[in-house]
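Q: Read off the chains here:
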Amino acid sequence: MSIFAVNHLCREVLRDHVFRAAMKSDPAKALAPLDLTDDEKQKLLAGDVGGLYRMGVNAFLMNYLARFEVCGLNLKAYNERMRAVKVDEVGCPVP
Amino acid sequence: MAQIVAGFGVPHTPIFPHFVKRDGPDCEIAKLFGAQKEQLAATRPDLIIMFDTDHLNTFFLDNLPIFAIGIDQSFKAPNDEPRDVPNYVVPSMRDVAVHVRSAVIAAGFDVGMTQNYSVDHSVTVPLHFLTPDMKVPVIPFFVSGHVPPLPSAQRCHALGQAVRHAVESWAASLRVVIMGSGSFSLEVGGPRMAPGRSDGVPDPDWAMRVVKYLEEQKIDRLIVEATQRQLLKAGNVGGELLNWIAMLGAIGHRKPTYVAPQMENGHAYGVWRWN
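Keeping their order, the protein sequence lines are chains A and B. Heads up, the first sequence is in this note's numbering, so the first residue is 1 and it goes up one at a time. Heads up, the second sequence is in this note's numbering, so the first residue is 1 and it goes up one at a time.
Honestly, the hints are just simulated from the structure, not real lab data. C-beta: ideal position from N, C-alpha, C; glycine also. Keep in mind that a hint or two might mislead.
Unchecked claim - Quick look at which bits of chain B chain A covers, simulated, 3 or more residues with Cβ under 8 Å:
(1) 50-62
(2) 65-77
(3) 249-263
Stated by the list, open to error - On the chain A side, residues computed to face chain B include the following (Cβ under 10 Å):
(4) 18
(5) 25
(6) 42
(7) 45
(8) 53
(9) 59
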């Protein structure tokens, strides 16, 4: 269930206040039971939103990670990491 | 017979209620929405049908219709915690929604539905400013404008026309206002954000061109140019323009009362009144 699970957990950060609190206090523990690949977990825990975007995760949904400041993210860090992704004119990542 | 009496194009920036609470009634946002509120009240609406793009809150990636309509007597809003927006229960008109859905399906549009539903800021924020007492019933009509493949502009315009025919085939007397909610150029949370912000306007020239076409009633030109590539070039929520285009289809070829651009946000406030 790759990528979909990442998109889903991003929305759960918005919707599920218990999950949101768990992601703020101990994200590794909160992510452990989810159906994620090791790469997805590592990128989430590192706040590597640029890497996740390149994998196809929805940017609008990932924005919740910055809004609620989970995985070490805040507006500044999120903005810098996401803007570092090179994209074509329609927003698709390019090498 | 029910009749469409006006069209409105509205932004729905989720932080705007907070800005207005912070900056007061003389700030630009308050004035622009305030002007629309006066225009809307003057139309004496019995019902608002709002074309809107859900931000993966009413629907999600596991179940995402291209078109859908909300069918219930009321709905809750908002479901995504925009700052300084209270929790509302918005009245709706279930029987009219059922009729509109049936009529547009008969016209060739395969429209899904949702019941016992809630909506996000994209419906709630405009209503928060325009009908804060939540006395006017609202039927949300969802258009998938964020997740490609998007419906075509031509299809959305034709959908609006089908909605007009549906409204006009409702036997009871109703004054119906059509709204289209959304931006012309906006990137939210993606690589084309502006520095230090959570959003940006990737294609301001397109946003200005949209305003020009609206003001000059060049809707055919707008539809031709609003390709999926252009909408995606305008940002990851640039497809919200489709809601305005559906609204334009519903109201027919009309001269706008005014279109007030707010280009730093890539959107505008539009009013079409004739009755």
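Q: Which of the listed hints are broken here?
A: Checked against the structure, the hints that fail are numbers 2, 3, 4, 5, 6, 7, while the rest are satisfied.
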